[in-house]
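Mapping of the sequence shown onto the numbering used here: position 56 corresponds to residue 56, and the numbering continues sequentially without gaps.
Since the hints were derived computationally from the structure, they do not count as laboratory data.
A hint or two may mislead.
Simulated restraints, written as ranges between beta carbons of each label pair [what the hints assert, rightly or not]:
{"id": "1", "residue 1": "Y16", "residue 2": "K84", "range": "51 to 61 Å"}
{"id": "2", "residue 1": "A58", "residue 2": "A20", "range": "33 to 43 Å"}
{"id": "3", "residue 1": "G114", "residue 2": "L49", "range": "21 to 31 Å"}
{"id": "4", "residue 1": "G114", "residue 2": "K73", "range": "37 to 47 Å"}
{"id": "5", "residue 1": "E115", "residue 2": "S17", "range": "48 to 58 Å"}
{"id": "6", "residue 1": "I112", "residue 2": "A58", "range": "47 to 57 Å"}
{"id": "7", "residue 1": "L67", "residue 2": "G104", "range": "20 to 30 Å"}
{"id": "8", "residue 1": "R41", "residue 2": "I105", "range": "22 to 32 Å"}
{"id": "9", "residue 1": "E115", "residue 2": "C14", "range": "24 to 34 Å"}
{"id": "10", "residue 1": "A22", "residue 2": "G52", "range": "48 to 58 Å"}
{"id": "11", "residue 1": "N76", "residue 2": "A20", "range": "54 to 64 Å"}
{"id": "12", "residue 1": "G104", "residue 2": "R41", "range": "25 to 35 Å"}
Heads up, the beta-carbon is just placed ideally off N, CA and C, and yes, glycines get one too.
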Amino acid sequence: MSTLRGFWNKAKVCFYSTSAMAMLAFTELAHGEGVGAIGRRAATEADGLGVGAQALFALGGLIMVGLSIFEIKKYNKTDGAQGKISMAAILLFGGAFLLYIASGIETGSDTIWGEGGGDKSRVQIQR
């Protein structure tokens, strides 16, 4: 009897969540926005993903450089018994690379397409 109740409870949750998602879809369609406008909005919001990725790379780089500093401190405190200089070097160079990615991509796109050409909104395809 308890397994039947569990099944019906799961079925109710599934029904309610599906109904909520359907209502969200219908309200988006009822908003009256055309497919082209939805596409333009998605394209402008996609530009923010690039900025977010660059921020994530920069944060990861800073964390790796900080871990490198702590690894060097641990090596100096224990006279090489615990910390490894090779690990500190790997963390330092990896963090520096992550910090450099954002400016490297921008510089590379400016080199190929010209000043500001790497910006997706300014790329023009000519025939």
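Now for the hints, and whether the structure bears them out:
{"no.": "1", "hint": "Y16 / K84: 51 to 61 Å", "verdict": "54 Å, holds"}
{"no.": "2", "hint": "A58 / A20: 33 to 43 Å", "verdict": "37 Å, holds"}
{"no.": "3", "hint": "G114 / L49: 21 to 31 Å", "verdict": "24 Å, holds"}
{"no.": "4", "hint": "G114 / K73: 37 to 47 Å", "verdict": "46 Å, holds"}
{"no.": "5", "hint": "E115 / S17: 48 to 58 Å", "verdict": "49 Å, holds"}
{"no.": "6", "hint": "I112 / A58: 47 to 57 Å", "verdict": "23 Å, violated"}
{"no.": "7", "hint": "L67 / G104: 20 to 30 Å", "verdict": "22 Å, holds"}
{"no.": "8", "hint": "R41 / I105: 22 to 32 Å", "verdict": "25 Å, holds"}
{"no.": "9", "hint": "E115 / C14: 24 to 34 Å", "verdict": "54 Å, violated"}
{"no.": "10", "hint": "A22 / G52: 48 to 58 Å", "verdict": "30 Å, violated"}
{"no.": "11", "hint": "N76 / A20: 54 to 64 Å", "verdict": "57 Å, holds"}
{"no.": "12", "hint": "G104 / R41: 25 to 35 Å", "verdict": "30 Å, holds"}
Of the numbered hints listed earlier, those contradicted by the structure are 6, 9, 10.
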